[in-house]
Every structure is written in C-alpha cells, then in structure tokens.
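Listed below, chain by chain, are the residues.
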Amino acid sequence: MADPLSDVLKHLLELVDVLDRAAVAAFGAQTGAEGARTAFTEAGRGSANPLITQAATDARTASDAARDAGQALGRAARAYAAYINTIAPGTAPTRQATPGSMPTGEQLLKPASGGPLSKRILARAMIPNFDDGLEGLQTGANRLQDAAPPGDVVVPRPPTPTVNAANTEGAHLGDALLAALTIAIVGIRASESVRRLRERLRARSRKNKRGSDDG
Amino acid sequence: MATIAEVRATVARGVESADQARETLIAVRDQIRHAQQLATVTHDSANERVRLGHSLVGQADTDALRALDLLRSAAETAGEYSRSLDG
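For the record, the sequence lines run as chains A and B. Quick note: the first sequence, position 180, residue 181 per my numbering, numbers continuous. Quick note: the second sequence, position 23, residue 112 per my numbering, numbers continuous.
Hints may contain errors.
[Unchecked claim] Covered stretches of chain A, going by a simulated chain B footprint (3 or more residues, C-beta under 8 Å):
(1) 4-15
(2) 23-33
(3) 36-43
(4) 66-72
(5) 81-89
[As the list claims (entries may be wrong)] Some, not all, of what chain A presents toward chain B, calculated at C-beta under 8 Å:
(6) Val19
(7) Leu20
(8) Asp59
[What the hints assert, rightly or not] Just a sample of chain A residues kept apart from chain B, beta carbon distances all over 12 Å, derived:
(9) Pro94
(10) Arg201
(11) Arg203
(12) Arg205
(13) Ser206
Hint data in this document are derived by calculation from the structure and do not stem from the laboratory. C-beta atoms are modelled at their ideal positions from N, C-alpha and C, and glycine is treated no differently.
Construct the complete structure from the given sequences, taking the supplied hints into account.
This is the structure:
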C-alpha cells in the first residue's frame, strides 16, 4: 500500500514540473506574438490604414499577456516548490538561486539594457572578435614557446568549462539548455582558436628549425 | 516602397506567427488545466504558498486566454487589411 504522503508529494512534484513547462511554453508564445507584431508593423509602414495598426497593437498586447502568463506560472511553480519543501524538506529543488548564479527563465527573457540576457550571453559566445579575448592565451603561449627547446611546441589547453552543480539543481529547463548551448559554443570557438594558434606555432617552429639547419 | 505582394507576404508571415503563438497558448491552457487537477491534492490546505500558487495559476490562465483572444483579433484584422489592398 502506497504511503499517502508519498502520493501527495508525487502529485506536487509533477505539478511543479507541469507549471515549469507551461511557463517555458508561454514565453515561447510571447516570442511568436512578438514576431506577429514585428511583421504587422513592417506591413503597415507608410500606411495610414488603421486596420494594420490595430493588428500590431493587438499583437503587442498579446505578447505582454503571454509574458505575464509565463511569469505567473513560474511564480506558481516556485510557490508550490516552497510548499513541498515545507512539508518534506529537501524534496523539491530549491528555487532560491544565490546572487550571480544561473538566471531564471524570466530573467533570460526580460528586456534589459543591451537586450535579453540570453541574447547577451550568446552574443558574448558568438561575437566575431571573440578571439581577442584569447590574446592573453596567445601571449602566454609565445612565452612558453620561447622558453621551450626548438622543435617542442607547447600549447596551453583551453580552459575546461564547468557548471556548478549546486546552481543547476535549482535552474529551470531553459537555463540548463542555455548553459549547455553557451558552453558548447564557447568550447567550439576556443578549440578553433587553439587549433589556429597551434598551427601558427608549428609553422614558426619549422621556420626556426630550418633557420638553424641553414645556419 | 514595398509592393502590394510584398506587403501581403509580410502580413501572411505575421498571421502565421500569431497562429503558432495561439497553438502554443492552447497547449499552455491544457497544461494549466492539468496543473489545476494535480493541485486538487492541496484543496483543503490553508498554507499561504498553496493559496498563492492557486491564485497565480488562475491568473496565468486568464492572461493566456486574453493573449489568445488578442492574437485571433490581430490575425483577423491583419487579414482584413491584406484583402483591402488593391491589386
């Protein structure tokens, strides 16, 4: 016979999960509504027709309502998770992220200076001059190259990205996906940079070797 | 200056976005319904967090329904605009 408390907890944990997924979907609907607004605004550019203006206005208000729904669902999930932890401490993942930890789904989508945080995080990982950030790495590599015996190429390894398990525990699905995506992109970019650096160092090493052979 | 065909294509793109958002919101309301069923295990609870959760879920449903109505209205109005264009 099942423990009644276990049954209740099972229902409540499923409730939190359903609310989290609904919140993510609502934010997705917000994005769709925003896309509609953008298209209607573009279609109405240069036109005084009130129909298309009204369509754009409705789409924008719909976007706001979808965002509000997502925020309410996220808050509801946190409220129920807190209740679960009241009746069975430690059962639900903690929803009280420490400052500076992973952002919540709401924070990722919330407009802020410089655009949504998700966009800024991804932009940081994808900007074309990202390699500039690895200048220090190359300088260090050059010093090691100078110190190393000719023919031995020493290339520092790119930093291994790590995720704090304590932070991901309370993160939403969207947060975890974003973190994984960001790490993947950063990893790819860093690997590319190190590969180019390694090629350059090898070429220099060969040149030095040829120089010493000629001399 | 965009041609009428281009404007119609842009409107169609917006209507498609609005329709997709509506489909997503219909799914959100289904999830809300499911959540409300799951929350019945707490129906006799006077806990502040439970009451807040109930209230927020109800509010989310109202917001989702409002967004649905607005998106339908936006798509219909945009379609009317598209049909009103000459050519």
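Each hint tested on the structure:
1. 4-15: Since 5 is at least three, the answer is holds.
2. 23-33: Our answer is that it holds, as 8 residues pass the Cβ test (under 8 Å) against chain B, meeting three.
3. 36-43: As far as the region 36-43 of chain A goes, the hint holds, because 7 residues have Cβ atoms under 8 Å from chain B.
4. 66-72: holds (count 5)
5. 81-89: Holds: 4 residues of the region 81-89 of chain A have a Cβ under 8 Å from chain B.
6. Val19: holds, 5 Å
7. Leu20: holds, 5 Å
8. Asp59: holds, 4 Å
9. Pro94: With a cut-off of 12 Å, proline 94 (chain A) remains clear of chain B, as the shortest Cβ separation is near 15 Å.
10. Arg201: Given that every Cβ of chain B is farther than 12 Å from that of arginine 201 (chain A), nearest at about 46 Å, it holds.
11. Arg203: holds, 50 Å
12. Arg205: Holds: least Cβ distance 52 Å, greater than 12 Å.
13. Ser206: holds, 55 Å
Going down the numbered hints, you'll see the structure goes against none, and every one checks out.
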